[in-house]
Amino acid sequence: MKTDALIDRLSEKAAPVPRGAAWRRLALGTGAGALVSCAIMLAWLGIRPDLGEALATGAYWMKFFYTLLLAFAALWLVERLSRPGARSRVQMLLEALPVAAIVVAAAFELMHAAAPARHRLMMGASSDVCPYRIVALSLPVLAGVLWSLAKLAPTRLVLAGVAAGLAAGAVGAFIYAFHCDESALPFVAIWYTFGIAVAGAIGGFAGRWLLRW
Amino acid sequence: MVAALDGDASAYRELLRALAPHLRAYFARRLGTAEAEDLVQETLIAIHTRRSSYDRTLPFTAWLHAVARYKLIDHLRRAKLRRTLPLEEAASVVADEAEESVSAKRDVERLLATLPEAKRKLVRQVKIEGLSVAEAAAQGGLSPSAVKVGVHRALKSLSAMIGRNP
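Line by line, the protein sequences give chains P and B.
Mapped onto my numbering, the consecutive letters of the first sequence carry residue numbers 133 to 345.
Mapped onto my numbering, the consecutive letters of the second sequence carry residue numbers 1228 to 1393.
If you are wondering where the hints come from, they were derived from the structure by calculation, not from laboratory data.
Small disclaimer: the values here were computed from a predicted structure and weren't measured.
All C-beta atoms in this analysis are idealised placements derived from N, C-alpha and C, irrespective of residue type, glycine included.
Mixed in with the good hints there might be a few duds.
Said to hold, decoys possible - One-sided excerpt, in silico: chain B residues whose CB lies under 7 angstroms from chain P: (1) Leu1232; (2) His1275; (3) Ser1279; (4) Phe1287.
Construct the entire structure; sequences and hints are all you get.
Here is the structure:
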């Protein structure tokens, strides 16, 4: 087809694009994925029975804010990476910041603990299942974020996939925190972060294939 | 572009018309004019379908350049894949070979038709169907040496004809 004819045809279909269309799409994909993850979590693991008491402790809110901050920073990074030509360095720093903070805090807690207690602070009682449950709960969210991204225009596919995976992992970990009764900082710093990182790696692989346009 | 995003079709058409020559120059410099036109169209379509990824607060040229660059890289990546995995070419090569053997067969038949009946039969049996001289002799009721001589003479006259009429 002639290029001029193509231009005429395209401009006939110039439906207005509302402001914030990209954000709306990301919110839709992430939200739908998170709902599915919540449903899986309720059917599979259930909410911890002592959630009411846990809400009164700092440990619960630490997990709550750690995962939430990671999720929002990663989603912002995803949004930047979905736009050709947009810079994303600030958002990458923002994503790294909570990790650095919790690693420092966890190291501090370990140093001040008695030597025999350290192993328990790091391994808890569920370190063997925690990362893989987080990854499992992140998969529906990952599908949602990738669905949003596929309609936008990521130019660095692997990086955008990793960011989508980190966002999904953080949302998955946030949901898992309603079940998980671990309260030690080192445990969260190691195993939550590990689960989220695995989700990021899965996102990177998926992005390389699924995000081409 | 902002007007286009708000649904102004004529501003949008003007924008795309103005972009096309720039894109054409951009791709032609890197690929040659033949491939460039395909990529111009592909990029225009991408600009259209991905226009919601443009952030109104950022410079339009940066967005446009990144889209064109992505399309260029994607094109080169696909071209490289084709070179290492020439599936389409392989099919046509196979077709060529099949065609060659068919036309060779036709040539042989035409040459054989110029031979007298008895000799044609001998050549066909010994040289094409692969019978031994003794078998052909038994079938034709001839002596083996007569078969040999017949085939030899027939081939000689055929090769003389090919030499005359290359």
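Here is what the structure says about each hint:
For B/Leu1232, the suggested interface contact is upheld, since its CB lies about 5 angstroms from the closest CB of chain P, less than 7 angstroms. Checking B/His1275 against chain P: minimum C-beta separation of about 5 angstroms stays under 7 angstroms; hint holds. For B/Ser1279, the suggested interface contact is upheld, since its CB lies about 4 angstroms from the closest CB of chain P, less than 7 angstroms. Hint on B/Phe1287 is violated. Least Cβ distance to chain P is approximately 9 angstroms, over the 7 angstroms limit.
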